[in-house]
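> In case you want the letters, here they are:
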Amino acid sequence: MKKRFQAAWLTALLLACAGTAGANPADPMAERVQACAGCHGEEGRSAAESYAPSIAGKPAGYLYQQLLGFRDGRRKHAVMQQMLAWLSDDYLRDMAAYYGTREPAQVPRPPRATAAVLARGRQLVEQGDAARRLPACAACHGDQLLGVQPAIPGLLNLRDEYLQAQLGAWRNGSRHAPAPDCMADIARRLSGEEIAAITAWIATRELPQEHRPAPRRDQPLPIDCGGVP
Amino acid sequence: MKTLLKWFALLLLPALAAALWLAWPDVREPALVEGAALPATAARIEQGRYLARAGNCIACHTQAGQAPYAGGRRIGTPFGDVFSTNLTPDRQTGLGAWTPGEFWRAMHHGRSRDGRLLYPAFPYTSYTRVSRKDSDAIFAYLQSLPAVAAPRQEPELRFPYNTQLALRAWRALYFRPGEQREDAQRTAQWNRGAYLVEGLGHCNACHTARNALGGIDLARNYGGGPIPTLGWEAPPLASPQPMSDAQAAEMVELLQGGTSRHGVTTGPMAEVVFHSLQYLQAADIDAMVTYIRSLPPVGDAPVPRQPRVSAARRAELMRSGEPIYRQHCADCHGQQGEGRDYVYPALVGNRMLTGASAGNAIRSVLLGGYGPSTARHPQPHGMPSFAQRLTSEEIAAVLTYARGNWGNEAPAVSPVEVQRH
Numbered sequence: 001m002k003k004r005f006q007a008a009w010l011t012a013l014l015l016a017c018a019g020t021a022g023a024n025p026a027d028p029m030a031e032r033v034q035a036c037a038g039c040h041g042e043e044g045r046s047a048a049e050s051y052a053p054s055i056a057g058k059p060a061g062y063l064y065q066q067l068l069g070f071r072d073g074r075r076k077h078a079v080m081q082q083m084l085a086w087l088s089d090d091y092l093r094d095m096a097a098y099y100g101t102r103e104p105a106q107v108p109r110p111p112r113a114t115a116a117v118l119a120r121g122r123q124l125v126e127q128g129d130a131a132r133r134l135p136a137c138a139a140c141h142g143d144q145l146l147g148v149q150p151a152i153p154g155l156l157n158l159r160d161e162y163l164q165a166q167l168g169a170w171r172n173g174s175r176h177a178p179a180p181d182c183m184a185d186i187a188r189r190l191s192g193e194e195i196a197a198i199t200a201w202i203a204t205r206e207l208p209q210e211h212r213p214a215p216r217r218d219q220p221l222p223i224d225c226g227g228v229p
Numbered sequence: 001m002k003t004l005l006k007w008f009a010l011l012l013l014p015a016l017a018a019a020l021w022l023a024w025p026d027v028r029e030p031a032l033v034e035g036a037a038l039p040a041t042a043a044r045i046e047q048g049r050y051l052a053r054a055g056n057c058i059a060c061h062t063q064a065g066q067a068p069y070a071g072g073r074r075i076g077t078p079f080g081d082v083f084s085t086n087l088t089p090d091r092q093t094g095l096g097a098w099t100p101g102e103f104w105r106a107m108h109h110g111r112s113r114d115g116r117l118l119y120p121a122f123p124y125t126s127y128t129r130v131s132r133k134d135s136d137a138i139f140a141y142l143q144s145l146p147a148v149a150a151p152r153q154e155p156e157l158r159f160p161y162n163t164q165l166a167l168r169a170w171r172a173l174y175f176r177p178g179e180q181r182e183d184a185q186r187t188a189q190w191n192r193g194a195y196l197v198e199g200l201g202h203c204n205a206c207h208t209a210r211n212a213l214g215g216i217d218l219a220r221n222y223g224g225g226p227i228p229t230l231g232w233e234a235p236p237l238a239s240p241q242p243m244s245d246a247q248a249a250e251m252v253e254l255l256q257g258g259t260s261r262h263g264v265t266t267g268p269m270a271e272v273v274f275h276s277l278q279y280l281q282a283a284d285i286d287a288m289v290t291y292i293r294s295l296p297p298v299g300d301a302p303v304p305r306q307p308r309v310s311a312a313r314r315a316e317l318m319r320s321g322e323p324i325y326r327q328h329c330a331d332c333h334g335q336q337g338e339g340r341d342y343v344y345p346a347l348v349g350n351r352m353l354t355g356a357s358a359g360n361a362i363r364s365v366l367l368g369g370y371g372p373s374t375a376r377h378p379q380p381h382g383m384p385s386f387a388q389r390l391t392s393e394e395i396a397a398v399l400t401y402a403r404g405n406w407g408n409e410a411p412a413v414s415p416v417e418v419q420r421h
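The listed protein sequences derive, respectively, from chains A and B. The numbering used here numbers the first residue of the first sequence as 1 and each following residue consecutively. The numbering used here numbers the first residue of the second sequence as 1 and each following residue consecutively.
Errors might be hidden in some of the hints.
[Said to hold, decoys possible] Just the calculated beta-carbon pair ranges, DEER-fashion: (1) Gln-335(B) with Ser-88(A): 28 to 34 Å; (2) Ala-138(A) with Arg-420(B): 44 to 50 Å; (3) Ser-88(A) with Ala-249(B): 41 to 47 Å.
These aren't lab readings, by the way, just hints derived from the structure by calculation. For every residue, glycine included, the Cβ atom is placed at its ideal position computed from N, Cα and C.
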């Protein structure tokens, strides 16, 4: 009798734990971030026609840095700034953790550039330009551009307009990461055509089946980045 | 010769008079008294930390993401921008070389250590009411902070507002130094509330309209009005009908926690709660609300001119607003605008929604927002931004609907007004 009771109790506990884990609608955070869903979609999977990026499954550390950046004005966006202005670090960390553990979904994006442009983009992404000591994007963002835990974002599943606007913002100084701001350094060394080629190629990449950001790496990055611990 | 004399009279005399006027202290300012410097004991520093919270010094004197109290935050005024200064004890760029007397003179008379008149973006029109004892405690606290080197940034004001003469004239018109006096007819609680609201809280810096020269319109004290350059409007704190006990209790909740049963603070008020009010003792918040309840009613705040909406057009906006409300708003704010206690603000009887001007409501719908994280409500809920999802026509319609339903009786909102934001 006592055994039976214990077993029932254990099952109940297990069920309760399952109930609080992952993408359960009862997760209180799901309701707290409803305000974000209008632009970033349910659970951070933004719609194909939305300019706002998908944020589902990006490394939580990266998302947390971006939230702090919007709140403190390092990264400029009127709506994001107004939304986050009076939220504590702890709350932003929890929001980042929530989105970091959502499942992303592939949004189809047909190629919109010539084969020559795409080839140039691919070359820069995969090999960089040794003559100009320009590191390959893949050297930091991972071979498959899926990002690296805890602070380097994946680049797939984003619109090319959005990617272009970010590189442009780094180049003209309106987006900042903690110093040394490696992305600002790289973006300033790219020409407008190179940025167009890189973003066009990245936007054609499909999200593979296994798309989690790679685990933390021990070897140093090819360039110093203040945002990466 | 005669013309020369005339020129002299015309140009030189006024210049001389101006120079003389400038050299004279503009406000009655007794000689600087240092007094016996009180020792900066741990208790005094702690007291100062609390009072600095009540004065919300940290909000203006910190640039987001930078060292607290190191200054450098840009503060907009209708006459150009000024920058807050470094309050840390750095000797070159902060208050390191200041004495308590010099600090008191800045708080009380709005004059810097070097004698320069300070811009009233620093709300010394209110801080002048702070007692010398409290000023000394704040000073002791600021001196205990880690020193940070952060040089002063020159203001970016337009001529003639960037001159000491203009400041001098402004002060003659709008600045009366003087400590808060006890009113013996009132309770100690009321007096404490008056001291905090009128002094460190500088609540009328926003909750009273300003005239064209940026002077606080004391004839309409706490009558509310647009806050210059911020794009938000402060509601009146003085209410035409006496506040009920239940309303007062809810105001206490709102000021202390940022979220109350029916309301949430937004925009500049969320900042006041986030950096200042949430840290105050319950007794002090109670005292402030006791004082606010006693404020005499003032005439309606001047309403910015709005495009007219005919009765037929209003009926049309009401009709088209209803389905938009059901689709986009009712999930959170309720079918009847009742909201959800402590989670989503009620729209019924919501002063921010139903004020004469719909400016704040339009801003909320366009930009969205969250209430402030506070000890009581660390993870408040949020309102989405509709700027990309609804047209000006739709926003005007849904707001006209919410302002004119469930007992709300505010005028319609025109799409032209939405486009102005």
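> Can the suggested window of 41 to 47 Å be confirmed for the beta-carbon pair Ser-88(A) and Ala-249(B)?
violated, 26 Å
> Within 44 to 50 Å: is that where the Cβ-Cβ distance between Ala-138(A) and Arg-420(B) falls?
holds, 47 Å
> Could you say whether the range 28 to 34 Å given as a hint is met by the Cβ separation of Gln-335(B) and Ser-88(A)?
holds, 32 Å
Hint 3 from the earlier list is the only one contradicted by this structure; the remaining hints agree with it.
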